[in-house]
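> Sequence:
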Amino acid sequence: MSAAPLRSSTAMRSSTPPLRSAPTREAPRREHLRPVPAPQHERSLAPFAWLCVMIVLGALGAVLALNTTMAGGAYQSRDLTIEIAALHQQRATALTKLESNAAPGALALQARSLGMVPADHIGFITLATGQVLQAGG
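In UniProt numbering, the protein residues as written are 1 to 137.
One should not assume that every hint holds.
[Stated by the list, open to error] Derived CB-CB ranges, DEER-like:
1) N101 to G123: 23 to 29 Å
2) P104 to V132: 22 to 28 Å
3) L114 to A71: 55 to 61 Å
4) G123 to S77: 56 to 62 Å
5) A62 to L87: 36 to 42 Å
6) A111 to L87: 29 to 35 Å
Hints listed in this document are in silico derivations from the structure and should not be mistaken for laboratory results. The beta-carbon is built from N, C-alpha and C at its ideal position, and this holds for glycine as well.
Produce the complete structure using the sequences and hints provided.
This is how it looks when you write it as structure tokens:
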């Protein structure tokens, strides 16, 4: 160890006058005063419990509403399916009736019942000239 740092600090002390600190007043220590801990507040669990109950009830209500809506949609879908089946049956009946009435024998029978007779000569009219053209025998 060397004494160099010690010499430099002693040299500085001798060249500069010592600094005086301002007089400080120290507050007298009172031993009878001490900090009091803050009172601990008991927190109630009731608001949290009510919040949980309300969330559960809200979720159950939403599920009930969704289920009711879905059931109503299912009944409506069933009714529409039944209606579509009835309409398909009516269409099939109408097509069968149309095909039977469009047959040549049925047309001839209905024409006779209306008093119509078969034509001996078939004629055509040209619209451009208004002439009647006869074909056949």
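> Of the numbered hints stated previously, which ones are contradicted by the structure, given in increasing order?
Failing hints: none at all.
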